[in-house]
Structure formats: C-alpha cells, structure tokens
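Trainee: The primary structure of each chain is shown beneath.
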Amino acid sequence: DAMVIQNPRYQVTQFGKPVTLSCSQTLNHNVMYWYQQKSSQAPKLLFHYYDKDFNNEADTPDNFQSRRPNTSFCFLDIRSPGLGDAAMYLCATSLDGGYTFGSGTRLTVV
Amino acid sequence: RKEVEQDPGPFNVPEGATVAFNCTYSNSASQSFFWYRQDCRKEPKLLMSVYSSGNEDGRFTAQLNRASQYISLLIRDSKLSDSATYLCVVNPSWGGYQKVTFGIGTKLQVIP
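Chains A and B supply the protein sequences, listed in that same order.
If you count the first sequence from 1, position 97 lands on 97 in the working numbering, and the numbers rise without skipping.
If you count the second sequence from 1, position 101 lands on 101 in the working numbering, and the numbers rise without skipping.
It cannot be assumed that every hint is accurate.
As the list claims (entries may be wrong) - When the alpha-carbon atoms are kept at most 20 angstroms apart in a straight line, the in silico PhoX-like pairs for lysine-lysine are as follows: (1) A:K38 to B:K42; (2) B:K79 to B:K107; (3) A:K17 to B:K42; (4) A:K44 to B:K79.
Just so you know, these hints were derived from the structure itself, not from any lab.
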C-alpha cells in the first residue's frame with residue numbers, strides 16, 4: 001500500500017545529542033512537511049519542501065534542519081535537542097489537498 | 001483572533017447520542033476544509049473533506065458556512081470507537097502547495 005513511513009516510532013536522545021528522524025513516502029507526492037505536535041496542541045509546521053524547494057517557517061528554531069535528498073525521503077535533524085523539543089514529530093505529504101501523515105516519531109529527551 | 005478555533009472539550013457523550021462540533025476560521029479567502037481524526041498518541045487521519053453543499057459519510061455529516069466562516073461536524077449514533085480528538089483543518093488554496101492551518105482539536109469521549 002502507498003504510504004508515508006516514519007522511523008523510528010519512538011526515539012530517546014540525550015540532551016544536546018544530535019538526532020535525525022526519517023520519513024519516506026511511496027505516494028510520489030511533491031510536497032513533504034514536518035510538523036511538531038506537543039500534547040493537547042495543534043500540529044505546528046516546522047518546514048516543508050515543494051519538490052526541492054525548501055521553506056522554513058519564520059518561528060522554526062535554527063536547531064531544526066531538514067534534508068530532502070530525493071522525492072521519496074525527507075529527514076529532520078535536531079542539532080542540539082533540548083527538553084522543550086520533546087514532542088511527536090509528524091511527517092506529511094500532499095498533492096492536491098488533504099494530507100497523508102506518517103505514524104509519527106515520538107521524541108523523548110533525557 | 002486565532003486563524004482556526006475549536007472548543008478543545010472534552011465532550012463526554014453517551015453511546016448512541018448525537019454530537020456536533022464547530023470550527024471557526026478567520027481567513028475569509030480559505031478554499032478547502034477538512035476534518036481529521038486523531039487517536040491518542042497516533043497521527044491525524046483524514047475523516048472527511050468539507051464541501052459547500054455539505055457532505056455525509058455514514059453517521060458523519062460535515063457542513064460549511066462561508067458567510068459565518070465556520071465548519072461543523074455532526075456525529076450521529078455515537079460509538080465507543082468514535083472517542084478521539086477531531087481536528088479542523090483549513091486550506092487557503094485548492095491545489096499546488098497548501099499551507100494549511102490546524103485547529104487545536106476537539107476531544108470526544110463516548111461513554112457506555
């Protein structure tokens with residue numbers, strides 16, 4: 001089945017230790033997004049790619065970076081995770097409206 | 001005023017009840033609208049799109065009121081499995097890149 005796959009499902013990292021979350025898609029959608037969702041809050045857009053064009057949200061901290069080496073894959077790099085970065089990170093794709101989300105990566109910072 | 005506003009709830013309703021949620025949006029130029037369902041600690045999943053004429057999918061009915069800038073979701077004959085958070089999503093455009101806005105979600109708890 002075509003889908004959006006995120007790995008790992010759960011990630012524990014140490015305070016300040018770089019971590020990378022991955023997302024892959026078999027939908028061939030041209031737009032990919034990374035969202036951060038904290039408990040009882042709406043998903044917050046961090047950045048998105050429209051094909052290869054990278055778009056950073058103005059309030060996304062510099063600590064967060066992203067790479068999209070090809071249509072299928074997208075990575076979220078957190079250079080120095082802080083306790084406040086603990087959240088669910090959702091990858092999503094879209095083509096003509098409506099999002100398809102991956103199952104998310106729940107990040108814990110210890 | 002927030003771009004998209006929802007009552008976070010929780011709405012506690014007995015099985016079999018009818019429950020309705022509203023979602024208001026501030027951008028009158030918004031073009032398309034969706035309801036997503038999110039189970040606890042899971043990703044959001046598309047429940048239904050919302051069209052100007054309203055649309056129905058089984059026990060679920062979604063409606064759009066452009067004049068008053070709100071969308072609604074009606075759930076009839078609530079089931080225990082309907083317990084989840086329902087996110088309202090507003091899209092400023094029809095196609096191409098869409099930077100949508102999510103509501104905070106309304107939590108529904110259906111009780112036996």
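Trainee: The structure should be examined with respect to each hint, and the outcome stated for every one.
Mentor: Status of each hint after checking the structure:
no.: 1; hint: A:K38 to B:K42; result: holds, 12 angstroms
no.: 2; hint: B:K79 to B:K107; result: holds, 14 angstroms
no.: 3; hint: A:K17 to B:K42; result: violated, 26 angstroms
no.: 4; hint: A:K44 to B:K79; result: violated, 30 angstroms
Against the hints set out earlier in the document, violations occur for numbers 3 and 4.
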